[in-house]
Amino acid sequence: MNNFLEDDNSKPSIIIIPIQALQLKKWLFSQPSYIQHWVKNTGFDATHGTRIQVPNLDGSLNCVLFGINENPTLWDWSSLPKGLAPNIYRLNRLTNNTDTKNAALAWALSLYKFNRYQQPKSPSPILIKPSNFDPNSVI
Numbered sequence: 001m002n003n004f005l006e007d008d009n010s011k012p013s014i015i016i017i018p019i020q021a022l023q024l025k026k027w028l029f030s031q032p033s034y035i036q037h038w039v040k041n042t043g044f045d046a047t048h049g050t051r052i053q054v055p056n057l058d059g060s061l062n063c064v065l066f067g068i069n070e071n072p073t074l075w076d077w078s079s080l081p082k083g084l085a086p087n088i089y090r091l092n093r094l095t096n097n098t099d100t101k102n103a104a105l106a107w108a109l110s111l112y113k114f115n116r117y118q119q120p121k122s123p124s125p126i127l128i129k130p131s132n133f134d135p136n137s138v139i
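Residue numbers for the sequence shown follow my numbering, beginning at 1 and rising by one.
Among the clues, some could well be false.
Said to hold, decoys possible - Below, a list of computed lysine-lysine pairs in the BS3-like style, where the Cα atoms sit at most 30 Å apart:
1) K11 x K82
2) K25 x K40
3) K101 x K113
4) K101 x K121
5) K121 x K82
6) K40 x K82
7) K25 x K101
8) K113 x K25
9) K11 x K101
10) K82 x K101
11) K11 x K121
12) K26 x K113
13) K82 x K113
14) K40 x K26
15) K26 x K121
16) K40 x K121
No lab work stands behind these hints: they were computed from the structure.
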């Protein structure tokens, strides 16, 4: 069974922050110095489709930054879940209903595998379903 979207938003989750290249400097300025150094030293520049996993001081995962265009389409979100560890994630800073719908739908579509006759080889990352996303609206 493919379960990529989680309804229970009370579960602990890792925040995914979609960010445009022009917003990165301002966002970094508001972050603790260890996050500023981590992002700068990895060379993350928020180019469309790029991603960086940002740790906490104890080594656990703090958040994921995902570079996005100013007006992203469904396909701009499709690379987001690829390569993420099998944790529970939550989208942050999405106020546009179209972006929310596209991000959640692209998440599910990019992870879907027809596995009716076999067990999945590894668990997939799960996205907490955004509150303003109705899966029935895309059927």
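Checking one constraint from the list: CA of K26 to CA of K113, max 30 Å. Satisfied?
Not satisfied, since the Cα-Cα distance of roughly 38 Å exceeds 30 Å.
Starting from K113, check that the Cα of K25 is at most 30 Å away, please.
violated, 38 Å
With the threshold set at 30 Å, check whether the alpha-carbon distance from K101 to K113 stays at or below it.
Given pair K101, K113 holds - Cα atoms ~20 Å apart, limit 30 Å.
Holds or violated: K11 with K101, Cα cutoff 30 Å?
holds, 21 Å
Satisfaction of hint between K82 and K121, Cα-Cα up to 30 Å
holds, 15 Å
Straight-line Cα separation of K11 and K82 no greater than 30 Å?
holds, 22 Å
Taking only the CA atoms, is the gap from K25 to K101 under or equal to 30 Å?
holds, 27 Å
Sort out whether K121 lies within 30 Å of K101, counting only the CA atoms.
holds, 28 Å
Are the Cα positions of K40 and K82 separated by 30 Å at most?
Status holds; Cα separation ~23 Å.
Has the given pair, K82 with K101, been kept, meaning a C-alpha gap of at most 30 Å?
holds, 18 Å
Going straight from one Cα to the other, do K82 and K113 come out at no more than 30 Å?
Within the cut-off at roughly 13 Å; holds.
Is K25 within 30 Å of K40, Cα to Cα?
Distance ~10 Å between K25 and K40 Cα, so the pair holds.
Comparing the model with each numbered hint stated earlier shows that hints 8, 12, 15, 16 do not hold.
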